[in-house]
Structures are given as C-alpha cells and as structure tokens.
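Trainee: Single-letter residue listing:
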Amino acid sequence: MVHLDLHLKEGKTSYVAIGLEGSANKLGVGIIRHFPGPFSTTNRAEVLSNIRDTYITPPGEGFLPRDTARHHRNWVVRLIKQSIIESGLKISEIDCICFTKGPGMGAPLQSVVIAARTLAQLWDLPLIGVNHCIGHIEMGREITGADNPVVLYVSGGNTQIIAYSEQRYRIFGETLDIAIGNCLDRFARTLKIPNEPSPGYNIEQLAKKGSKYIELPYTVKGMDMSMSGILAHIDNLAYDLFNNKKHNKTIFNDDGTPKVTVEDLCFSLQETLFAMLVEITERAMAHVGTQQVLIVGGVGCNERLQRMMETMVLDRRGFIFATDERFCIDNGIMIAHAGLLEYRMSGKGFDYSDTVCTQKFRTDEVLIKWRD
Amino acid sequence: MPSATYSSPSDTQTFQTSHLQKSQLTTQGKTSGPSEFVKVDRDQPSEPADNYYGDLRCKLTYLQDELNTLLTDKMQAEKKSKDMEEAEKKLLDGDDGDDDE
Numbered sequence: 001m002v003h004l005d006l007h008l009k010e011g012k013t014s015y016v017a018i019g020l021e022g023s024a025n026k027l028g029v030g031i032i033r034h035f036p037g038p039f040s041t042t043n044r045a046e047v048l049s050n051i052r053d054t055y056i057t058p059p060g061e062g063f064l065p066r067d068t069a070r071h072h073r074n075w076v077v078r079l080i081k082q083s084i085i086e087s088g089l090k091i092s093e094i095d096c097i098c099f100t101k102g103p104g105m106g107a108p109l110q111s112v113v114i115a116a117r118t119l120a121q122l123w124d125l126p127l128i129g130v131n132h133c134i135g136h137i138e139m140g141r142e143i144t145g146a147d148n149p150v151v152l153y154v155s156g157g158n159t160q161i162i163a164y165s166e167q168r169y170r171i172f173g174e175t176l177d178i179a180i181g182n183c184l185d186r187f188a189r190t191l192k193i194p195n196e197p198s199p200g201y202n203i204e205q206l207a208k209k210g211s212k213y214i215e216l217p218y219t220v221k222g223m224d225m226s227m228s229g230i231l232a233h234i235d236n237l238a239y240d241l242f243n244n245k246k247h248n249k250t251i252f253n254d255d256g257t258p259k260v261t262v263e264d265l266c267f268s269l270q271e272t273l274f275a276m277l278v279e280i281t282e283r284a285m286a287h288v289g290t291q292q293v294l295i296v297g298g299v300g301c302n303e304r305l306q307r308m309m310e311t312m313v314l315d316r317r318g319f320i321f322a323t324d325e326r327f328c329i330d331n332g333i334m335i336a337h338a339g340l341l342e343y344r345m346s347g348k349g350f351d352y353s354d355t356v357c358t359q360k361f362r363t364d365e366v367l368i369k370w371r372d
Numbered sequence: 001m002p003s004a005t006y007s008s009p010s011d012t013q014t015f016q017t018s019h020l021q022k023s024q025l026t027t028q029g030k031t032s033g034p035s036e037f038v039k040v041d042r043d044q045p046s047e048p049a050d051n052y053y054g055d056l057r058c059k060l061t062y063l064q065d066e067l068n069t070l071l072t073d074k075m076q077a078e079k080k081s082k083d084m085e086e087a088e089k090k091l092l093d094g095d096d097g098d099d100d101e
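Note that the protein sequences, when read in sequence, are chains D and P. Under our numbering, the residue at position 200 of the first sequence is numbered 200, and the numbers go up by one with no gaps. Under our numbering, the residue at position 22 of the second sequence is numbered 22, and the numbers go up by one with no gaps.
Among the clues, some could well be false.
As the list claims (entries may be wrong) - The calculated lysine-lysine pairs, modelled on BS3-like cross-linking and capped at a C-alpha distance of 30 Å, are:
{"#": "1", "chain 1": "D", "residue 1": "246", "chain 2": "D", "residue 2": "221"}
{"#": "2", "chain 1": "D", "residue 1": "209", "chain 2": "D", "residue 2": "245"}
{"#": "3", "chain 1": "D", "residue 1": "212", "chain 2": "D", "residue 2": "246"}
{"#": "4", "chain 1": "D", "residue 1": "221", "chain 2": "D", "residue 2": "208"}
{"#": "5", "chain 1": "D", "residue 1": "348", "chain 2": "D", "residue 2": "81"}
{"#": "6", "chain 1": "P", "residue 1": "22", "chain 2": "D", "residue 2": "81"}
{"#": "7", "chain 1": "D", "residue 1": "90", "chain 2": "D", "residue 2": "9"}
{"#": "8", "chain 1": "P", "residue 1": "89", "chain 2": "P", "residue 2": "79"}
{"#": "9", "chain 1": "D", "residue 1": "192", "chain 2": "P", "residue 2": "79"}
{"#": "10", "chain 1": "P", "residue 1": "89", "chain 2": "D", "residue 2": "81"}
{"#": "11", "chain 1": "D", "residue 1": "81", "chain 2": "P", "residue 2": "30"}
{"#": "12", "chain 1": "D", "residue 1": "348", "chain 2": "D", "residue 2": "369"}
Unchecked claim - One side only, chain D facing chain P, incomplete, derived with CB under 8 Å:
{"#": "13", "residue": "61"}
{"#": "14", "residue": "64"}
{"#": "15", "residue": "71"}
{"#": "16", "residue": "75"}
{"#": "17", "residue": "93"}
{"#": "18", "residue": "189"}
Said to hold, decoys possible - Over the 12 Å line for every Cβ pair with chain D, so calculated as not near, a few chain P residues:
{"#": "19", "residue": "40"}
{"#": "20", "residue": "65"}
{"#": "21", "residue": "73"}
{"#": "22", "residue": "82"}
Since the hints were derived computationally from the structure, they do not count as laboratory data. It should be emphasised that the depicted structure is a prediction, and the values quoted were computed from it without experimental measurement. Backbone N, C-alpha and C define an ideal beta-carbon position, used for all residues, glycine too.
So that you can see chain P by itself, here it is in the shape it has in the complex (with noise of 0.2 Å):
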C-alpha cells in the first residue's frame, strides 16, 4: 500500500492510502490540471485500468494531490510571514523611497 512522508526539522507529516475507498479511486488529480492558459485540452490522464496499476495510479495521484497542497500552503505561510516582517521593518525603520512603484 502506498504512503508518503514528510519530514523537516519542525514537522512530520505521512499520507495514508490505505482508507480510500473504490469510488474515490481516480486519475484525475486536483492539482495536475492544465494551466489557465489551456483553452482545449486534449491531454486527459486515460481512465485507470481495473487491476493493480490502475489501482496503484489513483492512489499515487491521491498522495501527489496531498504533498502538493502541503507545499503550497508551507510556502504561502512562509510567504506571509516574510511580508509580515517586512511591513514591520518599514514601520519601525521608515520607508528608503528607492521604491520605483
């Protein structure tokens, strides 16, 4: 059965596929989709086959799906709290006006 780990030295976190159930088995990952730009999308992952690659497939998709909403939402916090400290640092030091906007 397939899982996944993450670990850094603040946080560990695994992904489990054991509890999926057949009807939440699919290809179609949430974040493996085509960009905006992409009017007419001939590239569709093909449907999983009925045996233990197409399982395999799915569950892989699943955990895909999971590290990658885990990094994204490690960045955007990361993210934020940079530009927290930046807005602090500019509120107590002053703003330089070498700001081309």
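Here chain D stands alone, though its shape is the one from the complex (with noise of 0.2 Å):
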C-alpha cells in the first residue's frame, strides 16, 4: 500500500490544491480538498469550486488556436476570483497550484501556463504540472469509485483504450489518426449545425431521431482504430445529398426522392464509430482479465455510446462507470486532483525550469506514484 502522507505538514488537516485546465477551448479552474489517508467509501475526495467558460464558434466553424488562447487569458483571472469566492477559502489555505502540462494545443496550454505561474509568484506557492490524459482517468476513478478498470478515453483530441501496470497507464489501443471527437466535431462542421452547447451533443441529438442505418467503412486495425477515411466517406455521401447528386444510389432511390435523411447520416456515423470502440474494449477487458470500464473524456457523455458499451459490460458480467459532464468534459477540477495526488507524493512542486506545457505529452509517459 502506498504511503499518500509522508509530506503532510504539521497541523494541517487537509491538503488544498486549485487546478486550472485549458489545452483546447475550455477554460476550467478547480478547488479539491483531500483529506489524510487513503481513499475509500468513507474517505473522498471534496469539490470546493468546478466552474468552465467554454470558447465557441459559429456553425461551420473550428476553433482557432489564437482565438482560443485569446479567450483563454482574457477569461482566466475572472474565473479564478470566481472559483476562489465559491469554495469559501482564503488564499492562504491553499497547498499548492496545478496546471495542464499537456497535451494539447499550445497556444492555449501556453496561456494557462503563463497564468499558473504568475499565480505561483504571487501567492508564493508550489507549481505541479498535470497530464491532462491522467488527470480525466484519476477524476474518474475517484467520482466513480472504480478502482481498476479498463479506461476508455474519448474526446475532441484524444481516443486511447487504457488500463494500469506497474505504475502506469498503459495504452493499449488508440486512433492512428484524428481522435473520434474531432470526427464527429467536422462532420458537425460540414452539416452546419450550431457548436453550442457542443457540436457532438448537437450530432447525438440529431442521430437520436436517425433509424435507417448506412454501411460506413469498419476501420478496426487490430486494437487501433482509424477515423480520417470514414469521415471523409460520410462528409461525400452529406455533399452528395445536400447538392441533390442522384446518381448516388447509395442515398437516392431510382425515382430521385432521397433514401436517408441527416438525421440518418449522424445516426449510422455513431452506431459505426462507437461499435469500433466497444470491439477494442472488450478484447482489452479480455487481455488485462478486469470487469470494469471506465468511460472519460468528452466523448464520454453521449448517452449512446454509454448505452452501447454497457450492453458489451453486462454481457461479460461486468461493470460500467461513467461520470456527467462536469466530470467529463475538459474541467480544472481534475487537474487539481492529479496534481494533489503527485503532491502528497513529492512534498514539493516542480522546479520551475519544469513548469512548461507540451503539445505532445503520452499517457504513459507519467509515473504514478500514489498507486502500486
């Protein structure tokens, strides 16, 4: 068992640590409070603050990492004072800062890193930099109360099949090329659809009233998947039905009237994207030989592919956990978590030469100290 405490001060009962979040365009700044020993039924983790401002774009639009990071610092301090006054703390309560080291996009990591440290100066206080992978599967853990499970990590940016050993998240499966959010974030974009409150909850709305199903490509390469061949394929057969192109027998019928509907479309891209996922869950599941899933990231609240994946769970009588989208969606909440967890391993922040972002920063990169 791993000592969680060499480093509590004397006469603290507590440990306090603020997180802030913002490698793509959300802006999330966090307070948690761990209490001494280890976690349990009995012991968790307590939220003081979890508030995001989220950078959205008009329909048909991506976000951009110059307006995004724009957002990001202009935002920043606002939402800091804010999440200071919800958790009714002083200053001088808090333990320590974290901050999204990465990955991510470096503008807007670059923003928040500047806003952490200016922070850490000011209020004297050691930095720790988060793995934002790490910090979504730790949240997890702790929200759900799964303590092994197989990690199915799913957002804008990121799609890995996870589970631990020896120390470290280990990837056991992942995209080879865009991450299944940013797929369904531009077939959104090609659609038109509005980006608020997001564009993949706008595709689960519409693909919820979808029933006829169009065959897609399968693209499971082993325990990877590909996604950038079955976008383009659906974004052609949504270009062909817009401009009424009825030569394509795959969505019109001989007298010209249209077979599927957008709706449809969004209804068969899901059912297809999210069959590829629970495949590779499941041959995970079989390999590291646990019960449990974990869904995180974004991508993680589509009801959809919680219901598809429960359906594979229960089969293998198993069980599955999943968080809100407070707990899913990018938020600095996690960040403080993980960063307090390396914290009361370390005793101390980073130097400050290592409180730096990176766009590339792997799951496994990162050694988990507070598990053995």
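Once you've looked at the hints, go ahead and assemble the two chains, each given alone in its own frame, into the complex.
Mentor: Pasting the structure below:
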C-alpha cells in the first residue's frame, strides 16, 4: 500500500489544490480538498469549486489556436476569482497550484501556464504540471469508485484504451489518425449545425431521430482504429445529399427521392464509430482480465456510447462506470485532483524550469507514484 | 517600471514604459485582438483596475504590442530579402519548369 501522507505538514488536517485547465477550447478552474489517508467510500475527495467557460465558434467553424488562447487569457483571472469565492477559502489555505502541462493545443496551453506561473509567484505556492489524460483517469476513478478499470478515453483530441500496470497507465489501443471527437465535430461543421453547447451533443440529438443505418467503412486495425477515412466517406455522402447528386444510389432512390436524412447520417456515423470502440474495449478487458470499464473524456457524455458499452460489459458480467458532464468534459477539478496526488507523494512543486507546457505528452510517460 | 529588451547578433532594442501617460494606458492591445473569423467578440479583455496591477497590465499590453510589431517587421523584411534572392536566382539560372502553378 502506498503511503500518501509522508509530507503532511504539522497542524494541517487536509490538503487543498487549485487546478487550471486550458488545453483546448474549455477554460476550467477547480479547487479540491483531500483528507489524509487512502481514498475509500468514507474518505472521498471534496470538490470545493468546479467552473468552466467554453470558447464557442460560429456554425461551420472550428476553434483557432489564436482566438482560443485569447479567450483563455481574457477570462482566466475572472474565473479564478469566481472559483475562490465559490470555495469560501482564503488563499493561505491553498497548498499548491496545478496546471495542464499537456497534451493539447500550444497557444491555449501556454496562456494557462503563464497564468499558473504568475499566481505561483504572487501567492508564493508550489506549481505542479499535470498530464491532461491522467487528470481524466484519476478524476473518473475518484468520482465513480472504479478501482482498476480498463479506461476508454474519448474526446476531441484523444482516443485511447488504457489499463494500469506497474505504476503506468499503459495504452492498449488508440486512434491512428484523428480523435473520435474531432471526427464528430468536423462532421458537425460539414452539416453547419451549431457549436453550442457542443457540436458532438448536437450530432447526438440528431442521431436520436435517425433510424436507417447506412454502411460506412469499419476500420479497426488490431487494437487501434482509424477514423479519417470514415469522415471523408460520410462527408461525401452529405455533400451528395445536399447537392442533389441523384446518381449516388446509396442515398437516392431510383425515382430521385432521397433514401436517407441528415439524422440517418448522424445515426450511422455514431453507430459505426462506437461499435469500433466497443470491440477494442472488449478485447482489452479480456486481455487485462478486469470486469470494470470506465469511460472518460468529452465524448464519454454521449448516452448512446454509454448504452452500447453497457450492453457489452453486462454481457461479460462486468461493471461500467461513467461520469456526467461536470467531470467528463475538460475541467479544472481533475487537474487539481491529479496534481494534488503528485504533490502528496513528492511534498514539493516542480522546479521552475519544468513548469512549461508541451503539445505532445503521452499518458504512459507519467510515473503513477500514488498507486502500487 | 517594466521594460523589454530584444537582442540578436545584429540588433539590440529596448522598450520602456516610463514615458506612458495615464491616458495612454489600456488593456486593448493593438496586436492581441480577435482573428477575422470571430464575428461576435465576447472575449474582450476586462477594463484595468485603478491600482498597481491595473497599471502593470496596461504597460505589459504596451510592451507586447511593441515587441509583436518589431518581430513581425523583422519577419517581413527577412521574407522580402528571401523573395528578392529567389527572383534573382530565377533570373540568372532560369526557371526549371517544375512548378505546378
């Protein structure tokens, strides 16, 4: 059993961390409290504040690094202030400042790192850099109580199947090209549907109204998957549908009436992508020999994905764990949580020269000192 | 008083903020606005507070603008001289006709 309290300061009865997240278009600030001792059903992390602001683009547009970074720069102070007020804490009660070190988009990451470094000097507090994926995994485990799950991490920038072994979260399978959320978001752009609250959510709502399944390429490659070809294929179908290309018999009847609707396209895209995820996850479960599956990341909010995964997991007499949008979608609290675990193990912050961000930072690069 | 220094083997420049009047202080930078793709801008910087930190923010915005302008000019000058070199090379050596355009 790992001892988490070797560095507990005298007179302290708890640890508090503030976390800043801004690796993509969400800016999140969270404050968490840990009590000494190992986590259990009676000793849970306490969420004191968890707020976010999302940079939303017009329909048909993605988020540019420059504008996203500007959004983060101009909102971060207001969000931190609000978060401190919500938590009811004094600055002197905070033990450390945690920020997303990577992976993510360079410019938004940098904006948040600069905010974290400035705060650290202003408040004279140690800084901890956190791997974004580890943040998702640890927060998912803490919220759901899953102790050793196969983790399906699905978001706008990442698609990975992960399992823990010997102090590393090891990647069993992943996308070979674009992330699943990116595939869904880009199809939303093709359809020119709103990006509010999120493009993926709007695809999900349309898919609920679809019923006709159109066969799309199914591209599982061993434990990995590829999605760029599927996107190109369905983009072409949508183009032909919008432009009345009646020679395309996949989507038009012989008399020229359309066979399918936009809703059917969304439905087919979701079914195909999620089936691929379920296949790889099932294989990872068999390989690792665990009965638990934890879904994290923004796409993990998708109820259809949760239901498809549940069918497979129950078939194997296993357990499925997922969180709601507060913890699924990028947030500051997960960065605070994972960063605080790191801080409890080391008792100090990073060297100032290490408090930088990096666009490439794989999940298995991090030594998980807090698990054995 | 914040200042910024740019130095390279061929050039050194220093930017000061001591000459700035109160009326020149702003958080709206000339080079940190939205891109042309942003139609409705809801991410404007907040107004500066009337204290030390507010002043500091404005002065840093000023320095950032000066540096951005300097670096952009330098990049453009470099690009121009590269273009000239290429044009000269083309004139002297002839076009190899491999261009797709």
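Trainee: Compare the structure with each hint and give your call.
Mentor: Each hint tested on the structure:
{"no.": "1", "hint": "246(D) to 221(D)", "verdict": "violated (34 Å)"}
{"no.": "2", "hint": "209(D) to 245(D)", "verdict": "holds (24 Å)"}
{"no.": "3", "hint": "212(D) to 246(D)", "verdict": "holds (18 Å)"}
{"no.": "4", "hint": "221(D) to 208(D)", "verdict": "holds (28 Å)"}
{"no.": "5", "hint": "348(D) to 81(D)", "verdict": "holds (25 Å)"}
{"no.": "6", "hint": "22(P) to 81(D)", "verdict": "holds (26 Å)"}
{"no.": "7", "hint": "90(D) to 9(D)", "verdict": "holds (18 Å)"}
{"no.": "8", "hint": "89(P) to 79(P)", "verdict": "holds (15 Å)"}
{"no.": "9", "hint": "192(D) to 79(P)", "verdict": "violated (37 Å)"}
{"no.": "10", "hint": "89(P) to 81(D)", "verdict": "violated (58 Å)"}
{"no.": "11", "hint": "81(D) to 30(P)", "verdict": "holds (27 Å)"}
{"no.": "12", "hint": "348(D) to 369(D)", "verdict": "holds (14 Å)"}
{"no.": "13", "hint": "61", "verdict": "holds (6 Å)"}
{"no.": "14", "hint": "64", "verdict": "holds (6 Å)"}
{"no.": "15", "hint": "71", "verdict": "holds (4 Å)"}
{"no.": "16", "hint": "75", "verdict": "holds (7 Å)"}
{"no.": "17", "hint": "93", "verdict": "violated (22 Å)"}
{"no.": "18", "hint": "189", "verdict": "violated (13 Å)"}
{"no.": "19", "hint": "40", "verdict": "violated (8 Å)"}
{"no.": "20", "hint": "65", "verdict": "holds (14 Å)"}
{"no.": "21", "hint": "73", "verdict": "holds (19 Å)"}
{"no.": "22", "hint": "82", "verdict": "holds (24 Å)"}
The structure fails hints 1, 9, 10, 17, 18 and 19 (numbered hints given earlier, in ascending order).
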